[in-house]
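Novice: Sequences listed follow chains A and B, in order. For the record, in the first sequence the residue sitting at position 244 is 244 according to our numbering, with numbers rising by one throughout. For the record, in the second sequence the residue sitting at position 18 is 352 according to our numbering, with numbers rising by one throughout.
Hint data in this document are derived by calculation from the structure and do not stem from the laboratory. Please read these numbers as outputs of a predicted model, since none were measured by experiment. Every residue, glycine too, gets a C-beta built ideally from N, C-alpha and C. A couple of the hints might just be wrong.
[Stated by the list, open to error] Some chain B residues close to chain A (C-beta under 10 Å, calculated; not the full set): (1) Thr337; (2) Arg358; (3) Thr430.
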Amino acid sequence: MLRTGSPCLEIEGLIHDVGPIAAEGGRMKRVLAGVDLTAHAGQVTVLLGVNGAGKTTTLECAQGLRRRTGGTIRLLGHDPQTAGADLRARVGVMLQDGGLPPSARPIALLKHVAGMYRNPLPVDELADRLGLNEFAGTNIRRLSGGQKQRVALAAALVGRPEVVFLDEPSAGLDPQSRQVVFELIRELRSQGLGIILTTHLLDDAERLADWVAILDRGRIVAEGTVAELLGGASQAARRLTVRGPAGLDLALAFAGTRPLVQVHESPAGHYTAEGELTTAHLAALAQWLDARGIMPSSLELGSRSLEDVFLGIAEASAAEDSLRAGREKETETA
Amino acid sequence: MSTATPLSGRVWQQGRYETLAMLRNGEQLVLMVVLPLMALIGLTVTPFLDGLGPNRVDVAAPGVLALCTMSTGFTGQGIATGFDRRYGVLRFLSTTPLGRAGLIAGKTIAVLVVLAIQVVVIGGIAWLIGWRPSFPGAILGLVLLAIGAGVFTALGLLVAGTARPEATLAVTNLVWILFGVFGGIVMPSTKLPSQISGIVGFLPSGALGDASRAAFLHGSLDVQAAVVLVVWGAAAGLAASRWFKWN
């Protein structure tokens, strides 16, 4: 078992081209344009990005399922592209689409997969833990999305891996199963496993991640702990949400208070004030509302969310892209 | 110390799993047992094969066993692999210690085990209605059927790994019917229309049918047929390893 905290996956300058794509004039398409990522044992590393950002491709290269175009990958110290059964035995994989034969039954399938390992987890215990016994006799074809997810997770864990790759593990899960799966992931982390998971749900990342890498158009555009991405230690309130009657000019309430805050109403009757909020802002708001006899139906203070960071980065990178495209066009015409 | 089950254990495990999956599939059983049996009965009650051997079943049985090989290796394993590919099963299993090579080996074992069951069932029924091949001829015939199983499995995997599963289903069934009727597998080329009788010997179906009949019927090795068969196997194997897409 690896020492907690040592790197279990090191990706440097990973490039992956697909194609040729007929729709793009037979050109190759660069899906990954130099991804650098390190994941550590005993930590949950979350690869965050919108659909099409390259999350699954990155994982597939790291799992040895895809041949990379360039760059290096060390998984537990080996190149996954050339490594054999001994490396595969130390790595658990849960694919996005499950990868389970539809005509099989969950427990029989798990026993079959367990047979590939010398010292697998007891299938019954694993099934019990993930609540698979309630549908043990049903063909995988007839299971719900969340039930399939749990079977796929069990199949990834049955060989007692040191590293697990989970591609969108919370997709299709109801709140209870999600809770079960998240608890299990935290437990695996405390046992020293390196966990690499992808998600497009910011909430997943906030709840699970020790390290977040944001992937956008085949590049890591930001990474760090959740706190680091949220802007360091400053946890002061940045956002005030007020719900009440539509069409109020709430900006007037803060007009005489410094520092200035930005107020907008969207949707109608749902106001957000953003900026460095202080008690003075709260007092001003209360006074303004009191003078008009308005009681808001909800009033909420919050800090910057990962969503803000994520959207900000996505916007910045889109702006950069259009700028670059513009420059290229200029160069072409010149 | 390795934490993976040793290679042979993994491959046997996969072979057993794939065999049970094939045997549990109802439509496949029709293709693998019922249709070949109908062909066997049909060819022994009709005069199509008259004049080629001491009695009709001696000529029919070797071809029907060759047909079984095509059912199991080409159509059966082709369709199963096509859908495994669609559902990501191939990708998932290739991330386990089994790996890609182990997966292919397991599939080949499953084909050979199912073929052995077909030989026992269909060969047994043929024996009941009077089939009496010589012992050395039968041994040679079984070896050739096993080689044929490898050739047709490679062809089935080639289709499964390059086409969509629905297309694989259609193509492997259609080819099974065309080869079964016109491919020289149960009907020797001399009994086929003159326009095609010259070429069927170069098809994998005709080559396996001829080789199987020469062995079971005369106890001899049809060298040309065996060479054609091996060339098809090598070509299909190379093409499959070159173009097979795992996802």
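Novice: It remains to establish, for every hint, whether it holds in the given structure.
Specialist: Comparing the hints with the structure gives:
The restraint placing threonine 337 (chain B) at the interface with chain A holds, with a minimum CB-CB distance near 4 Å, inside the 10 Å limit. Here the hint on arginine 358 (chain B) is kept, as its CB sits about 7 Å from the closest CB of chain A, short of 10 Å. The restraint placing threonine 430 (chain B) at the interface with chain A holds, with a minimum CB-CB distance near 5 Å, inside the 10 Å limit.
Hint compliance for this structure: no hint is broken.
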